[in-house]
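Novice: Below, each chain spelled out in residue letters.
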Amino acid sequence: MKTHHVIFIAFGIIVIVAMFIPSSGKEASDKTMAVYNAIEKLPSGSTILLGADFEAANRAEMVPQMEALVRHIMRRHLKIISISMWDQGPMFAERILRKIGDEEGLTYGIDYVNLGYAAGAQSMVRLLKDDIKAVYKTDFSGNKTDDMPVLKDIVGAGDVSLMVDLSDSPSGPTTYLEQIQSFKKDFRLVCGLTAASVPPIMPYVESGQIEGYIIGLKGASEYEGLIGKKGLGTISLSAQSVGQAMILILILIGNLAFLWIRKIKGKENAELGK
Amino acid sequence: MENWLPITITIIIATIGFAGVFSGLPPLMGILRLGMFWMIIIGGVAAALGAVNLLQIHGIKVVRRGSGSIYSIILIIVMLGTIIIGISMSPQSLLYRFLFEFIFTPLSTAIFAILSFFIASACFRAFRIRTAEALVLVISATLVMLGKSTLGESISPYIPKIGEWVMNIPNSAGSRGILLGASLGGIAVFLRVILGIERGHFLG
Amino acid sequence: METLGIWIAALLTLAIGSLLWRQNPFYRLAEHILVGFTAGHLVVINYFNVANFGVKPMIKGGMWINVVPIIIGLLFYFRFSKRYAWLTRIPLAYFFGLSGAIGITGALDASIRQQIIATVKPLWSQGLIWGFIPALNINNIIILFGTITTLCYFFMTRPHKGIIGSSAYIGRFFIMVTLGARFGAVVMSRLSLLIDRFYFLMHDWLKIL
Amino acid sequence: MEGTQTTLPIFVLFVIIAGIYIYNIIRARKGLNVNIRPIKGLVAIDEAIGRAVEMGRPIHFTLGISRFFSDTFAAFAILRHLASKCAEMGTYPIITNSVVTVHLATEEIVRSAYMASNYPDRYRPDMVRFIAKDPFAYSVGALDVMRQENVASNIMIGTFGSATLLMAEGGRILNTYQIAGTDDLEQLPFYFISCDYTLIGEEIYGAGAHLSGDKNVLGCLRGEDWLKIGIIALILTFTVLGIIGINAPLDWFSR
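Protein chains in written order, with this note's numbering: chain A, 1 to 274; chain B, 1001 to 1204; chain C, 2001 to 2209; chain D, 3001 to 3255.
Simulated from the structure, these hints should not be mistaken for laboratory data. Note that CB positions come from ideal geometry on N, CA and C, so glycine has one too. Worth double-checking, as some hints may not be accurate.
Below, simulated DSBU-like cross-link-like pairs (lysine-lysine); rule was C-alpha separation at most 35 Å, straight line [as the list claims (entries may be wrong)]:
id : chain 1 : residue 1 : chain 2 : residue 2
1  : D       : LYS3030   : D       : LYS3085
2  : A       : LYS2      : B       : LYS1061
3  : A       : LYS144    : A       : LYS133
4  : A       : LYS185    : A       : LYS144
5  : B       : LYS1061   : A       : LYS184
6  : A       : LYS133    : C       : LYS2060
7  : A       : LYS2      : C       : LYS2056
8  : A       : LYS2      : D       : LYS3133
9  : D       : LYS3030   : D       : LYS3215
10 : A       : LYS2      : A       : LYS229
11 : B       : LYS1161   : C       : LYS2060
12 : C       : LYS2056   : A       : LYS133
13 : A       : LYS229    : A       : LYS26
14 : D       : LYS3040   : D       : LYS3085
15 : B       : LYS1061   : A       : LYS41
16 : A       : LYS152    : A       : LYS26
17 : A       : LYS26     : B       : LYS1061
Cβ-to-Cβ under 8 Å is the rule here; a few derived chain D residues that face chain B [what the hints assert, rightly or not]:
id : residue
18 : GLU3054
19 : SER3162
20 : ASN3216
Quick list of the computed label-pair ranges, beta carbon to beta carbon [to be verified]:
id : chain 1 : residue 1 : chain 2 : residue 2 : range
21 : B       : ILE1073   : D       : PRO3125   : 49 to 59 Å
22 : C       : TYR2169   : D       : ALA3116   : 54 to 64 Å
23 : B       : ILE1073   : D       : VAL3015   : 55 to 65 Å
24 : C       : GLN2126   : A       : LEU256    : 46 to 56 Å
25 : D       : ASP3144   : B       : LEU1025   : 40 to 50 Å
26 : C       : PRO2159   : D       : GLY3050   : 23 to 33 Å
27 : B       : SER1154   : A       : LYS2      : 50 to 60 Å
28 : D       : VAL3043   : C       : ASP2204   : 48 to 58 Å
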C-alpha cells in the first residue's frame, strides 16, 4: 500500500458518500438560458439539426444533456434531423430519439429522423451544408431518405432554423462553424458540451458565433430544472461539488506537506519528492 | 511514380478545391461536390484499416505464443465477433445494442472515470505551486470549478459570477491567441504538404 | 436480460477499476475487449455507410462512378505489403488535397477573420463616470490585451526582449489562466464520468442508492 | 450556387497568408539564417541527461501516440540530440513507442546517432521498444518498463490523448525528472502540473527546428511570426480607427 493507494481510497469513499447527499438544481446560468431561449423562441414547425458528435466514453455528460434537450425540442413539436461526425454517437441518438419520441407521441420519419454517421468530417459537413441527401442516401436504419417527410422542406443543413450540437470535443462545434457558418452567416448554433471542451471554444462564444452552451453535468442539471424533469445531472450535483473540493484540498495539503518537508529535510530531498 | 504522383494528385485536388470555393463557378463546384462525396466513401472503406492492423499485430503475438497471447486471442475474437454480429444482424438489433450498452459503454466510460483518481493523486503529489504562473493556473482552475458547482454558490453568490467571468473573458482572450496561432500553424503545414516539402506525412 | 447485462457491466467496470491497485489480468482482459470492440464497431458502422451510400446506388441505380472512391479507399490496404506500400500515398494525397482546401477555406473565416473582428471592440462604454471621465469597458480591453500578448508569447524567431519581451511575459499569464480553466474543466468532466460509474454500480447494480 | 463561394476579404487574406509563408520558405531555403529564440525546455533536457548520468540510471523518451506529422519530426530532432548526448556521456536511453512506423523510425535515429558518435559499441537493440497501440495500454506498459528499468528522467514529446495524465502521473509516482511538450493544448495542463518542465505548443516546433536546422520549418516559423505581427497590427489599427470613428475598413473586412 503506497501513498497513491491511500489517496485513491480516500477520494473514492468521499465521492461515494457525497452521492447520498440530496441535491437540488439551482437557477440556470446565462449561457444555459441562451440555449433554452433559442429553442423556446423558434416558431413551431421549425427544423432543428441535432449533432450527436460524441463517443461512448463521454456518455455520462452527453446523455443527460441529450435527453433534456431532445425532450424540450420534442415537447415544442419541432422537427429533428440528427447527424453525427463520429461512429458511436448515432447509437445513443437512435435510442434517445425513439424513446422520447414515443413518449411524446411523435412519428419517426415525419417528426424526427436519425441519419446516423458519415465519414469525412470537414468535407462531409461542407457537402451537408448545401445538400443533406447528397451525403445521406439512407438513414441510420437503412431507410431511403428520398421521400422522407421530415426532409421535405430542408435541402441543405444550412437551411435549418437552429443547430444543436452535442459534442465531446471542441472539434464538433468548430467544424460546423468553419464549414457552414463561414458561408451562411445566418446559421445559428448552440451546443451541449462536455465540461472539458468548453474553455477551448470560448473564443467562438465570446465573438457571438455560438449563441449559448450547456456545460457538462452541471449544465444538464440546469436544463433539467428548466424543463422540470430530474435526471443524473441533478442527482450528481453534490458529489460533483465534493469531488472538486477534494481535488482543491489535495492540492493545498500537497503543497503544505511539500513546504513542511522542505523545512525539516532541506531543499534537495524535497525537490526529489522523497 | 512513387514521389511525383501523390504530390501531383494533392496539387490538382487542392487547386480545384481552392478555385471552386473562391470562384464559385458551377462546373468546378460540381467536381468539388463529387470529390467531397468520395471522401465519405473513401473514409468508410478505410475504416477497417485499424481492425486489419490490430489483426496483424495480435495475430503475430498469437502465433509466437508469447506472454499475454491469451489476451490477443480474446481481442481478435471480440473484434471479429462484433463485426460479424453487427453486419449480419445490423447495429439496431437487440444483441448488438446489448453488447454496445452493457459491454462497450461501461468499459469505455470506466477507463476515463479512473482518470479522476489519477488527477487526485497528481494534485497531491505533483502539483507544486512554485512559481507565480502555477499560482495563476491554480486560481483560475479553482474559480472555474467552484463557479460550476453548488459548493461555490453556497460559499458566496458572487463565486459563480467570478467563475463565469474567468471563463468568458481572460480564458477567451488566451484561447483566442492560441487559436489564431494554431490556425496559422495548420495552414503552414498544409502549404508545406502541397509544396511537396513536408516530410513524412505520407509515411504514417 | 437486463439483469445479466447489468452484472456484466458491473464486473467489467470493476475490472477496469482494478488498475488503481496495479496492473493485473482482469484489467488487461477488460482493456483488450474494449480495444477489440472499438475497432469492430467502426467497421460495422462504416460497412453500412459504404453499402448504402456507395454500393447500392451503384448496383441498383447504375451509379458506376462510385467504383472510383471504393478503389481509391482500397489502395490504403497496400500498406500491409512491402513492395506496393507506396500506393497508400494516393488516397492520402487525395485526402490531404481535399481536406486541406476545405479545411483552410472554412478556417480562414470562422477561426481567423471572425476572431480578429471579435477582438476589435469599443474600449469605452456608453456614458461617462461623474459626467466627465469616459468609462472604460474593462472586459473588451482584457480581450484585446490578452489576445495580443498571447500571440506575442508564441513568437519563435524573435528574442523575448523589449516590448515583445514584456508582452510575452504577460501573455504567459494569460496562457496559464487558459490552462487553469482547461484543467478545472477536465477535472469536472472526469468527475462526471466517475460519478456516472458510481451511480451505475450503486443504483443499477447494488440498488443501495 | 448561392452562399457557397467566399467573399473578397477572405480571398485577400488567403493570398497574403500563403504569400508570406512561401516567401519565407524560399528565403530560408536560400540560406537566410533564422534564429530561434532560446527555449528553456531544451536546457532542461540536457539537465535531465546530466541527472541520469549522475545517478547511473537510464533515461526514458517517448513520442506518445503521435503519428508522422509535424510534432513527430520535432520530437525526432530532439531524440537525435538526446541519443548522441547519451552516447557521449555513457548513459542508457530507453525509447518506447506506440505506433509501428514511428517505432521503426526511432530505431533508425537512435542507431545512427550512436554510430555517428565516438562510442558506437554502446548501442544496444533493446534501447527502442514497441509497447502497444492503444494509448491506455501503451501508457500502462511504458510505465511498467520505466519501473523495471528504474529510470532517472522521463522525456515526453507528443501527446497521449486522454491517457496523458496516466502517463505523466505514473512517471511522477516513480520520482522521475520529467520534461514534456505537446501541441495538444487539451492535454497540456496535465503535463504542466506533473512535469518539471513543459514546452508549450509551438515551442516544440521551435526546439525541433533549432536542433535539426530544417529550413522549411524555420521559414514557416519566420512567416508565422510575420503573420502574428500582421494580425496584431490589424487589430490595433481597426481599434484605433474605431475610436476616431472610422469604421469603413472594418466593415469592408467583415463583409
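Novice: Please go over all the hints and tell whether each is borne out by the structure.
Specialist: Against the structure, the hints come out as follows:
no., hint, verdict
1, D/LYS3030 <-> D/LYS3085, "holds (30 Å)"
2, A/LYS2 <-> B/LYS1061, "holds (34 Å)"
3, A/LYS144 <-> A/LYS133, "holds (10 Å)"
4, A/LYS185 <-> A/LYS144, "holds (31 Å)"
5, B/LYS1061 <-> A/LYS184, "violated (52 Å)"
6, A/LYS133 <-> C/LYS2060, "holds (17 Å)"
7, A/LYS2 <-> C/LYS2056, "violated (59 Å)"
8, A/LYS2 <-> D/LYS3133, "holds (29 Å)"
9, D/LYS3030 <-> D/LYS3215, "holds (9 Å)"
10, A/LYS2 <-> A/LYS229, "violated (44 Å)"
11, B/LYS1161 <-> C/LYS2060, "violated (60 Å)"
12, C/LYS2056 <-> A/LYS133, "holds (15 Å)"
13, A/LYS229 <-> A/LYS26, "holds (14 Å)"
14, D/LYS3040 <-> D/LYS3085, "holds (18 Å)"
15, B/LYS1061 <-> A/LYS41, "violated (59 Å)"
16, A/LYS152 <-> A/LYS26, "violated (41 Å)"
17, A/LYS26 <-> B/LYS1061, "violated (54 Å)"
18, GLU3054, "violated (22 Å)"
19, SER3162, "holds (6 Å)"
20, ASN3216, "holds (5 Å)"
21, B/ILE1073 <-> D/PRO3125: 49 to 59 Å, "violated (28 Å)"
22, C/TYR2169 <-> D/ALA3116: 54 to 64 Å, "violated (39 Å)"
23, B/ILE1073 <-> D/VAL3015: 55 to 65 Å, "holds (57 Å)"
24, C/GLN2126 <-> A/LEU256: 46 to 56 Å, "holds (48 Å)"
25, D/ASP3144 <-> B/LEU1025: 40 to 50 Å, "violated (59 Å)"
26, C/PRO2159 <-> D/GLY3050: 23 to 33 Å, "holds (26 Å)"
27, B/SER1154 <-> A/LYS2: 50 to 60 Å, "violated (35 Å)"
28, D/VAL3043 <-> C/ASP2204: 48 to 58 Å, "holds (53 Å)"
Of the numbered hints given earlier, the model fails hints 5, 7, 10, 11, 15, 16, 17, 18, 21, 22, 25 and 27; all others are met.
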